[in-house]
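Trainee: Chain A is fixed; fit chain B with the ligands onto it per the hints.
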Amino acid sequence: MSVVQNMEAIIEVKNLDLYYGDFQALKKIDTSIEKNKVSALIGPSGCGKSTFLRTLNRMNDLISGVTTKGEVTFEGREIYDQDLDVVALRRKIGMVFQKPNPFPKSIYENVAYGPRRSGVKNKKDLDQIVEESLKEAALWEEVKDRLNKSALGLSGGQQQRLCIARALAMKPQVLLMDEPTSALDPIATNRIEDLITQLKEHYTIVIVTHSMHQAARISDKTAFFLMGELIEQGDTDKIFTTPRDQRTEDYVTGRFG
Amino acid sequence: MVNTVNEKNMEMKRDRQKKIREKLMFGLFTLCMLAVVIPTLLIIGFIVVKGIGTVNWSFLTEMPRMGMKEGGIFPAIVGTLYLVLGTIIFSLPLGVGAAIYLTEYAKQGRLTRLIRIAVLNLAGVPSVVYGLFGLGLFVFFMGFGSSILAGSLTLACLILPIIITTSEEAIKSVPDSYREASLALGASKWETIARVVLPLAIPGIMTGGILGIGRAAGETAPILLTVAAFFIPRLPGSVFDQVMALPYHLYIVSTQVPGMPESIKYGTALVLLGVVGVFFAFATIIRLKFKQMSHLD
Ligand SMILES: Nc1ncnc2c1ncn2[C@@H]1O[C@H](COP(=O)(O)OP(=O)(O)O)[C@@H](O)[C@H]1O
Ligand SMILES: [Mg+2]
Numbered sequence: 003m004s005v006v007q008n009m010e011a012i013i014e015v016k017n018l019d020l021y022y023g024d025f026q027a028l029k030k031i032d033t034s035i036e037k038n039k040v041s042a043l044i045g046p047s048g049c050g051k052s053t054f055l056r057t058l059n060r061m062n063d064l065i066s067g068v069t070t071k072g073e074v075t076f077e078g079r080e081i082y083d084q085d086l087d088v089v090a091l092r093r094k095i096g097m098v099f100q101k102p103n104p105f106p107k108s109i110y111e112n113v114a115y116g117p118r119r120s121g122v123k124n125k126k127d128l129d130q131i132v133e134e135s136l137k138e139a140a141l142w143e144e145v146k147d148r149l150n151k152s153a154l155g156l157s158g159g160q161q162q163r164l165c166i167a168r169a170l171a172m173k174p175q176v177l178l179m180d181e182p183t184s185a186l187d188p189i190a191t192n193r194i195e196d197l198i199t200q201l202k203e204h205y206t207i208v209i210v211t212h213s214m215h216q217a218a219r220i221s222d223k224t225a226f227f228l229m230g231e232l233i234e235q236g237d238t239d240k241i242f243t244t245p246r247d248q249r250t251e252d253y254v255t256g257r258f259g
Numbered sequence: 042m043v044n045t046v047n048e049k050n051m052e053m054k055r056d057r058q059k060k061i062r063e064k065l066m067f068g069l070f071t072l073c074m075l076a077v078v079i080p081t082l083l084i085i086g087f088i089v090v091k092g093i094g095t096v097n098w099s100f101l102t103e104m105p106r107m108g109m110k111e112g113g114i115f116p117a118i119v120g121t122l123y124l125v126l127g128t129i130i131f132s133l134p135l136g137v138g139a140a141i142y143l144t145e146y147a148k149q150g151r152l153t154r155l156i157r158i159a160v161l162n163l164a165g166v167p168s169v170v171y172g173l174f175g176l177g178l179f180v181f182f183m184g185f186g187s188s189i190l191a192g193s194l195t196l197a198c199l200i201l202p203i204i205i206t207t208s209e210e211a212i213k214s215v216p217d218s219y220r221e222a223s224l225a226l227g228a229s230k231w232e233t234i235a236r237v238v239l240p241l242a243i244p245g246i247m248t249g250g251i252l253g254i255g256r257a258a259g260e261t262a263p264i265l266l267t268v269a270a271f272f273i274p275r276l277p278g279s280v281f282d283q284v285m286a287l288p289y290h291l292y293i294v295s296t297q298v299p300g301m302p303e304s305i306k307y308g309t310a311l312v313l314l315g316v317v318g319v320f321f322a323f324a325t326i327i328r329l330k331f332k333q334m335s336h337l338d
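Heads up: the sequence lines are chains A and B, in that order. Note that the first sequence ends on residue 259 in the numbering used here; no numbers are left out. Note that the second sequence ends on residue 338 in the numbering used here; no numbers are left out.
Only chain A is shown next, with the shape it has when bound in the complex (with noise of 0.2 angstroms):
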């Protein structure tokens, strides 16, 4: 189909470096993300996965000590850069957490935090987004009974979709989701992986897991990390069947990690 068009990257990052004080986490970390792709980064445990992930959203900016060198760009802009708006930013990529963390609100509110924020007032545009946020990750036929409950009540795998829809609620351009089907059931875990795939048709997701199945079953791209180095990447089938590296072929071959 539109392969070409689809080569374009939305996110860029060249020589990064990060340390947490003394502890080099990211060493030089070489790659860009492609726009409307799932790319899975895949690792051992501690390998610098979630803390990479971080630094695309500058998440790791709240943890103090952290050091960051080298560039990341957006759309083509820095987002280190001393007068970036960071808030702005978050806007544009959204991010999923390991552990499911709705708000102790109700659903809706949990959906509408976000817009809210960013001054959607009007309760008809609000109503709107929470339906559409909520039919998009498939969890409106579920709640549309309960908007008003707490989202506490959900079980752990609509959880996650909650926190998914309170995300898309943004609108943003890219999803970073960080081992989001690792607290949860493989039902539950299988309804994410669909739903992911049907998010990239509109959605850059970015994605951290540490299962090769996951990561071979939903995503374009896939990038191996280890010990803060990225060892390999690119299209995930040839990461899977033919990687150059032996210590890429070791661990999707599950030889160790």
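Just so you know, these hints were derived from the structure itself, not from any lab. Just to be clear, a hint being listed does not mean it is correct.
Partial pick of chain A residues on the chain B-facing surface, computed with a CB cut under 7 angstroms [what the hints assert, rightly or not]: (1) K37; (2) V89; (3) M97; (4) N103; (5) G116; (6) R119; (7) K123.
Negatives, chain A to chain B, calculated, CB over 12 angstroms [what the hints assert, rightly or not]: (8) T70; (9) K94; (10) S152.
Stretch by stretch, here's where chain B covers chain A in the computed footprint (C-beta under 8 angstroms, at least three residues) [to be verified]: (11) 56-66; (12) 181-190.
Glycine is no exception: its CB is placed at the ideal position from the N, C-alpha and C atoms.
Mentor: For chain B with the ligands alone, coordinates are given in the frame of chain A:
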């Protein structure tokens, strides 16, 4: 065979010992609990029994008469209500604000540790010292005179450490995952605090408020130096007026007026308990409301 029987016996013995130990500990803790609860109930019961006969509508709403030996204690009730309200108005926003600064904004390090220790120590300063401080600063230096304003500010200083410490705990107990979720949605830091952190912290903050109110309503020394009057048979016209206040009134009727009927003393004490109880009830309702609102119960 013999072996297993032996082992079985040993096991049963161990189980029995374990059960006895469990029972012992349970009994011990129950005793501790009773040792705390029984005196409290006794004190309250004693005051209720001795005071309830005196407390009626006219006792609550009339001015004192005949050298306070007759009539009611209305001005002291009103005085204490004003003082407690004033204290809350000054201390709650300031204390919560300081707690927000210390937990959410200040860079954690030596300075914040030092401030925390200072605040904790302030909580242990005797209340008469606060009274003297209030007398020097608010009554004389700032020129408020002996007044509701000076008294409320002094009591506010007195309970600020409690408010700050409990608010800090409440704010810190809000999981970071909520802050991250909010910030990741493009909420600013202040929006995150106001919309996510504070609503979840308010029940805990109210606990500090309750403790503070109890102290503010019951303290005698600070108000003696900054606001309380021996006898004023009228209500205050402004915040610059002196007032009577329940704890000081209780002290006066108990020790300063010869021939004071017992009933007036215990009636006054009961009303003081009642006023504190009413404020507690308010704070508890707010607490529950916010708990419900955040769907946490
Ligand atoms: N806040 C932090 N402070 C210090 N070190 C951290 C922090 N977060 C992560 N690290 C370290 O950085 C490395 C990468 O962590 P992380 O990105 O969480 O790995 P992954 O997500 O791949 O499991 C690990 O060695 C981890 O211990
Ligand atoms: Mg991780």
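Trainee: Evaluate each hint against the coordinates.
Mentor: A quick look at each hint next to the structure:
1. Taking 7 angstroms as the C-beta cut-off, the interface hint given for A/K37 is violated, the closest approach to chain B being about 20 angstroms.
2. For the restraint placing A/V89 at the interface with chain B, the shortest Cβ-Cβ distance is roughly 5 angstroms, inside the 7 angstroms limit, so the hint holds.
3. With a cut of 7 angstroms, the hint placing A/M97 at the interface with chain B holds, because the nearest CB-to-CB distance is about 4 angstroms.
4. Interface restraint check: A/N103 against chain B, minimum CB-CB distance 4 angstroms, threshold 7 angstroms, status holds.
5. The beta carbon of A/G116 is positioned within 7 angstroms of a beta carbon in chain B (closest approach about 4 angstroms), and the interface hint is therefore held.
6. For A/R119, the shortest C-beta to C-beta distance to chain B is roughly 4 angstroms, which falls under 7 angstroms, so the interface hint holds.
7. A hinted interface residue such as A/K123 counts as satisfied when its beta carbon comes closer than 7 angstroms to some beta carbon of chain B; here the least separation is about 14 angstroms, so the hint is violated.
8. Every CB of chain B lies more than 12 angstroms from the CB of A/T70, the least distance being 17 angstroms, so the non-interface label holds.
9. Listed as a non-interface residue, A/K94 fails to keep its Cβ farther than 12 angstroms from every Cβ of chain B; the least gap is roughly 8 angstroms.
10. Remark: the non-interface label on A/S152 conflicts with the geometry, its nearest Cβ contact in chain B lying 3 angstroms away (cut-off 12 angstroms).
11. Three residues within the 8 angstroms Cβ limit are the bar, and the segment 56-66 of chain A against chain B gives 4, so the coverage statement holds.
12. Counting residues of the segment 181-190 of chain A whose CB lies closer than 8 angstroms to any CB of chain B gives 0, so the stated coverage by that chain is violated, three being the minimum.
Of the numbered hints stated above, those contradicted by the structure are hints 1, 7, 9, 10 and 12, listed in ascending order.
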